[in-house]
Amino acid sequence: MTALQAPPETDLETVRLVVRRKRTILQRLRHDWPLLLLAFPVVAHLMVFHYWPSAWNIIAFMDYSPYRPFWENPFVGFAWFERLFNDPYFAPALVNTLKFAALNLLCMFPLSV
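21 is the number of the first residue of the sequence shown in the numbering used here; add one for each residue after it.
In short, the hints are calculated from the structure, not lab data.
Yeah, the Cβ is synthetic: ideal placement off N, Cα and C, and Gly gets one too.
There may be inaccurate statements among the hints.
To be verified - With beta-carbon atoms standing in for the labels, derived distance ranges:
hint: 1; residue 1: Arg41; residue 2: Phe95; range: 49 to 55 Å
hint: 2; residue 1: Asn124; residue 2: Pro61; range: 27 to 33 Å
hint: 3; residue 1: Val39; residue 2: Phe95; range: 19 to 25 Å
hint: 4; residue 1: Pro61; residue 2: Leu114; range: 34 to 40 Å
hint: 5; residue 1: Arg103; residue 2: Arg43; range: 26 to 32 Å
hint: 6; residue 1: Val133; residue 2: Arg48; range: 22 to 28 Å
hint: 7; residue 1: Pro54; residue 2: Pro94; range: 32 to 38 Å
hint: 8; residue 1: Leu123; residue 2: Asp52; range: 47 to 53 Å
hint: 9; residue 1: Arg43; residue 2: Leu114; range: 55 to 61 Å
hint: 10; residue 1: Ser74; residue 2: Leu126; range: 40 to 46 Å
hint: 11; residue 1: Cys127; residue 2: Ile45; range: 38 to 44 Å
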């Protein structure tokens, strides 16, 4: 068996404390720019194709007109959805869409496998 040895005693005057300063944002950017460059396309894709369209979903609840400023469009709530679901053409259009999706799935899925 080996015995543990105590560390050698040192003179406190010879020991220098190393204080690591926190890096500034500019220093971190200079150091990490390749990683940020790799992450930029992913972040840009998320912003353009996911977050930006999701933020515009509020238009569905407004009487939106592109000729008026956004904040001047009146809020109508679920009025457009009521109009959609009460429309006589909605049910046949929904049934046709579901039929098309089912046939597309049945025909195309075996071809891809």
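Consistency of the hints with the structure:
| no. | hint | verdict |
| --- | --- | --- |
| 1 | Arg41 to Phe95: 49 to 55 Å | holds (52 Å) |
| 2 | Asn124 to Pro61: 27 to 33 Å | holds (31 Å) |
| 3 | Val39 to Phe95: 19 to 25 Å | violated (57 Å) |
| 4 | Pro61 to Leu114: 34 to 40 Å | holds (37 Å) |
| 5 | Arg103 to Arg43: 26 to 32 Å | violated (57 Å) |
| 6 | Val133 to Arg48: 22 to 28 Å | violated (48 Å) |
| 7 | Pro54 to Pro94: 32 to 38 Å | violated (49 Å) |
| 8 | Leu123 to Asp52: 47 to 53 Å | holds (51 Å) |
| 9 | Arg43 to Leu114: 55 to 61 Å | holds (57 Å) |
| 10 | Ser74 to Leu126: 40 to 46 Å | violated (32 Å) |
| 11 | Cys127 to Ile45: 38 to 44 Å | violated (55 Å) |
In terms of the numbered hints stated before, the structure departs from hints 3, 5, 6, 7, 10, 11, listed from lowest to highest.
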